[in-house]
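Protein chains: 2
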Amino acid sequence: MESRRGNPMAAEGEFSELAATRRIQRLSSHISPAVATPSAPLLQTEACVSRPKKLEVNGEALSLYLRGKHIDIQEKVYKFYNSRPDLLTPIEISMDDHRELCMRQLYALVREAGVRPFLYVADDPEKYFAIMEAVGSVDMSFGIKMGVQYSLWGGSVINLGTKKHKDKYFEGIDNLDYTGCFAMTELHHGSNVQGLQTTATFDPIKDEFVIDTPNDGAIKWWIGNAAVHGKFATVFARLILPTHDSKGVSDMGVHAFIVPIRDLKTHQTLPGVEIQDCGHKVGLNGVDNGALRFRSVRIPRDNLLNRFGDVSRDGKYTSSLPTINKRFAATLGELVGGRVGLAYASVGVLKVSATIAIRYALLRQQFGPLKQPEVSILDYQSHQHKLMPMLASTYAYHFATVHLIKKYSEMKKTHDEQLIADVHALSAGLKSYVTSYTNKALSVCREACGGHGYAAVNRFGSLRNDHDIFQTFEGDNTVLLQQVAGDLLKQYKEKFQGGTLTVTWNYLRESMGSYLAQPNPVTARWEGEDHLRNPKFQLDAFRYRTSRLLHSVAMRLNKHSKTLGSFGAWNRCLNHLLTLAESHIESVILAKFIEAVKNCPDPSARAALKLMCDLYALDRIWKDIGTYRNVDYVAPNKAKAIHKLTEYLSFQVRNVAKELVDAFDLPDEVTRAPIAMQADAYAQYTQVVGF
Amino acid sequence: MESRRGNPMAAEGEFSELAATRRIQRLSSHISPAVATPSAPLLQTEACVSRPKKLEVNGEALSLYLRGKHIDIQEKVYKFYNSRPDLLTPIEISMDDHRELCMRQLYALVREAGVRPFLYVADDPEKYFAIMEAVGSVDMSFGIKMGVQYSLWGGSVINLGTKKHKDKYFEGIDNLDYTGCFAMTELHHGSNVQGLQTTATFDPIKDEFVIDTPNDGAIKWWIGNAAVHGKFATVFARLILPTHDSKGVSDMGVHAFIVPIRDLKTHQTLPGVEIQDCGHKVGLNGVDNGALRFRSVRIPRDNLLNRFGDVSRDGKYTSSLPTINKRFAATLGELVGGRVGLAYASVGVLKVSATIAIRYALLRQQFGPLKQPEVSILDYQSHQHKLMPMLASTYAYHFATVHLIKKYSEMKKTHDEQLIADVHALSAGLKSYVTSYTNKALSVCREACGGHGYAAVNRFGSLRNDHDIFQTFEGDNTVLLQQVAGDLLKQYKEKFQGGTLTVTWNYLRESMGSYLAQPNPVTARWEGEDHLRNPKFQLDAFRYRTSRLLHSVAMRLNKHSKTLGSFGAWNRCLNHLLTLAESHIESVILAKFIEAVKNCPDPSARAALKLMCDLYALDRIWKDIGTYRNVDYVAPNKAKAIHKLTEYLSFQVRNVAKELVDAFDLPDEVTRAPIAMQADAYAQYTQVVGF
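Just so you know, the protein sequences line up as chains A and B, in that order. Here the first sequence stands for residues 133 to 823, numbered as in the numbering used here. Here the second sequence stands for residues 133 to 823, numbered as in the numbering used here.
Be aware that a few hints might be false.
Since the list gives no way to pick one copy over another, a pair counts as held whenever it fits inside one copy or between any two copies.
Unchecked claim - Straight-line Cα separation of at most 30 Å, DSS-like style, residue types lysine-lysine; simulated pairs:
(1) Lys572 x Lys755
(2) Lys208 x Lys458
(3) Lys544 x Lys742
(4) Lys790 x Lys448
(5) Lys790 x Lys572
(6) Lys755 x Lys458
(7) Lys755 x Lys724
(8) Lys538 x Lys742
(9) Lys448 x Lys295
(10) Lys691 x Lys458
(11) Lys668 x Lys755
(12) Lys208 x Lys691
(13) Lys295 x Lys539
(14) Lys691 x Lys186
(15) Lys379 x Lys503
(16) Lys448 x Lys503
(17) Lys694 x Lys503
By construction, these hints were calculated from the structure, which means they are not laboratory data.
Please take these sequences and the hints and turn them into a complete structure.
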């Protein structure tokens, strides 16, 4: 039972050894259950003089604050596809047709709508991600197909290559003459990229590299755009150079090479390249993933993407970076944009999903008090519990990922080293944290919409199936969280050696000492609403947890590595490390949310954001209450007060839930689910099935 | 962050105010991280003299103990369909073709394989559910299609009708000449069955009922078998009788009627019946769900399923049951078999899913210690954390649902009233609890298999999509849990009035008093392994929680109902009530698991079961540690010991994980995922894509 809805302590005033204070009793009397008339929720059967009945939300101001500066290009995309029913994906479509349709959707974007995403990949990532979000809302397969072409294939050429590559390939990639793939993953190696086995052996006589798949485990697998449409592939392979010593060759580690896989004119598979179709997937079936085997495929020496390492005519290796590991890190570092994009796109999916589930929950009525009309299901405490913290989280992740994109854009401009490290860890953490959350939320939303949530037209099936792999591609979530933990530990060590910390975890530098002190037994009992809703209390609680986790895991690793070695010690502490990484990411998300509340210019929008920020913070503290109780950071009476306040805030958010989802500004053409239409939802739904 | 992997307190010996005892330190030194060679896990780098290195599991004995007495008929089903590739569902199939295929699968079962499920619906439910499990493993749509025909349509006729109905319909239902539907749900009413609006008005002149859909909200929706194949429908409608008073009519509440919807010979839709297709669903697209509207459809008086209420020739109503509510309860009570079947089938899905994920985790290697071979991903603590408590839960739910089926069979024989109430609550609780768990587990398994888990051939997509609706149909999970809570409260009140309790919650009768005493501060600190693995400690902890939740919610309801009325009070306590219901179901599951361990005749199988039972129990206590800490049922040192032991037991289970999934006895033809084949999995996988 993982539910954190209620626990005996928090729920039972009657049993508590520590009597609840009057203040909490007064508060609890305000948490009246929701009994609503059909059209408008009329709550608060016990009047509450000191509180406004319902927050007034200036939806327009809130929406303006949320939406970025790239509304225009998104509207352009929406408008274009809405005017082209031939380009919209039907509910039922075969895999082959879906792949062709996605390719046509992409051609139309570039060649008809005149949107040129490749122009922005390097120079205006914010705009690029805005296009990707809009395109993904037409069909997520289309969004991923576009990402494969421009961010993965195109991005690898311009980020890992040099001027000669840009000169030769930019235009073809941009105008889709040069469709391409990103061939990194192999059948046996996904996360462990340094374990890849494909080889690129330099032949000094012919001045060529020879690409080989040494065994079945090294077959390139899951390569998007490979099964049908790709003409080129960026192939990651071990660079093998001939040497004059007894071994005869030297393995220089994983490098990236441009390998033509199909003829530019005939589209025939080129000699030595074997392509198979990876077939049906759980979702994203509009993307043609293929498997590639190479048998002595020859490419010119120029096809090495040589930004971080090059081979001269006579087979000498040169690099500005001293070690294989540094070159490898630099290479992968350039690919971080994919993670940034996924974290952001995942929030987009969460917005659509939460909007559908909440609009339906407002519409749907079931049961009610004796001889009174049925009530909206969002008036049930259990339904508020399912959806209101989710809505608050959606806002939280929105601000966090917008922040990440800004940092990333800055990084692409300045190439500042600290910023690079920071964006690397932050994108790994947010991608992992947000996609895991959205994946669970999609199931919660489907279930919250009952049987009608199971109708394909109402979207949860395809959203979940398409989004599912966000947890795995561009870095397995469990692996990425370990990178976050590793980075924190590195910072931790540097701190104790007097070094500086990168920006995301300034809080650790500033106040690690104070967080590690014993919890204050007086504040541990404070339970007033003002205190619990104070951002300082909330942020302190999040950071306290992170600091303790970091300090303790550092000591455990130190202890265990003496007997188990570093790999063994890491594995012994793995659960602890993952919890640390999540705790850190939550601290960052909360800090960004608090900042976003503070910076919101409109007072009514700011009040709505503050309400959700409080719900987000307290819900998370409550979900982890065991941790806080164990170290007496929170006394039993305070735990109870946090729980009650969380229920109350959920109820408060419910009262403005319509305005809050409206502020996402998702038109009916984007949500598309009949049960979530903004007018006559039931009628539109019955019409869909033919009545 | 809902993760319960580790928390600062449990993880950091260094910070704890309460120093961990030597015993725990000794224990923790045994929890060595898993560093394995490729083929066999070699663990325990620090030797542990007192423990066996690896449990020896007698797989055959364990399997024999698990599998029921209906292996034969299941094997017959497997064998029949494996010999008939024309009857196997391909990965890609259009909805229309899928529906036709499912109908053919069902015809073949009855007319070619000679399996006759309808014979067992009433008389041998265990056998019926065994057939359903086997059929569902061929294609879940087929399983549900069969359930609609025999359990819902057939079941309603034999359970709600009388001899005349059985005489007239039994054979046709059995041999599939009379295909039928179960038309309960309406567009606007799912959970609230008493709110249905379809009417059946008696016309005394023609001795007929007239079936009408009064408005769009009353259109029968999601009716399985209606869109294409059904000839009849059991329609739930308000029985309206003419009266001689001023109102002219009397609403007798919801009753069930047999309504022919298509011509037996021509299959044309009958006059007055309008049928639309509900279209594509998230899953189960082999089942043809339709929507039905009735316009003055006339049926003979005999078509009222009159077991609990009848109408005479002159329009007089008679019933053995005194009130509308009692008749409604009796009617719905007869439909409980569907829930029993779903709970059991959900465990079947969980077994397949866990088997695939665990077999793949044993196969897959990624990363490893420096200059050593890569390790199996199941050797990672994080992966053990994902899958080992899940494996233990699968065993737990297996025994619990087998118990439920036994009770249900007994109930069908004895019609004992207490047993009926008990089976009603237990089936509601287990169906809800198990299907929610399986739904989450399917996503965890997909993610645990990384990219290869996203290949459609590896099953997680279709399993999740098909299973998803198990949470909703046959009773929305959130609604069903409330029925459990309601039943507990009823029992609670009766107890205090000196009445008897039904069998499932004997524990409440026997020991509620002792559970409600203040926790013992001495035992709250006991942290020895013998104590933590003692079933008495585990069961006491589960039951203590349930008893407190029950007692406290009863008091809260009592308090709030004075100001809010009963509906308002219930809603105010709703989260609390749902937590109570889940806690109770967990108590029942654990009790049954402990019993199953005790009764296992083979000592080695028993030891394996005991290991998993301990993991199940301690993992659940750890997941809810905040609750136990809040009331000081568990002191900080004990919380820490529980967490460490959970990690250690997960590691122990990992060492026999292969044997434990093998004991489910699922042949490769049932699991079907190439990545989980018992030999040459990678080779079979590459072959599937064409290499």
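Results of checking the hints against the structure:
Proximity of lysine 572 and lysine 755 under a CA criterion of 30 Å is satisfied in both settings, with 15 Å inside one chain copy and 18 Å between copies. Proximity of lysine 208 to lysine 458 under the C-alpha cut-off of 30 Å is found in neither arrangement, the shortest distances being 42 Å within a copy and 60 Å between copies. In this assembly of identical chains, lysine 544 and lysine 742 lie within 30 Å of each other by CA distance neither inside one copy nor across copies; the values are 32 Å within and 56 Å between. Taking the shortest alpha-carbon separations for lysine 790 and lysine 448, neither the intra-copy value of 65 Å nor the inter-copy value of 50 Å comes in at or below 30 Å.
Taking CA atoms no more than 30 Å apart as the test, lysine 790 paired with lysine 572 passes in both settings, with 22 Å inside one copy and 28 Å between copies. When the C-alpha separation of lysine 755 and lysine 458 is checked against a cutoff of 30 Å, the pair qualifies neither within a copy, at 40 Å, nor between copies, at 41 Å. Taking the shortest alpha-carbon separations for lysine 755 and lysine 724, both the intra-copy value of 20 Å and the inter-copy value of 29 Å come in at or below 30 Å. In this assembly of identical chains, the alpha carbons of lysine 538 and lysine 742 lie at most 30 Å apart only when taken from the same copy (23 Å versus 54 Å across copies).
Proximity of lysine 448 to lysine 295 under the C-alpha cut-off of 30 Å is restricted to the intra-copy arrangement: shortest distance 21 Å within a copy versus 93 Å between copies. For a Cα distance limit of 30 Å, the shortest separation of lysine 691 from lysine 458 inside one copy, 28 Å, qualifies, whereas the shortest one across copies, 67 Å, does not. For a Cα distance limit of 30 Å, the shortest separation of lysine 668 from lysine 755 qualifies both inside one copy, at 19 Å, and across copies, at 28 Å. Neither within a single protomer nor between protomers do lysine 208 and lysine 691 lie at most 30 Å apart by alpha-carbon distance, with minima of 58 Å and 57 Å respectively.
Proximity of lysine 295 and lysine 539 under a CA criterion of 30 Å is satisfied intra-copy only: 25 Å inside one chain copy versus 75 Å between copies. In the homo-oligomer, the alpha carbons of lysine 691 and lysine 186 lie at most 30 Å apart only across protomers (26 Å), although the nearest pairing inside one protomer, at 55 Å, exceeds that limit. With identical chains, the CA atoms of lysine 379 and lysine 503 are at most 30 Å apart between copies only, with a shortest distance of 19 Å across copies and 89 Å within one. For a Cα distance limit of 30 Å, the shortest separation of lysine 448 from lysine 503 across copies, 27 Å, qualifies, whereas the shortest one inside one copy, 87 Å, does not.
For a Cα distance limit of 30 Å, the shortest separation of lysine 694 from lysine 503 across copies, 18 Å, qualifies, whereas the shortest one inside one copy, 71 Å, does not.
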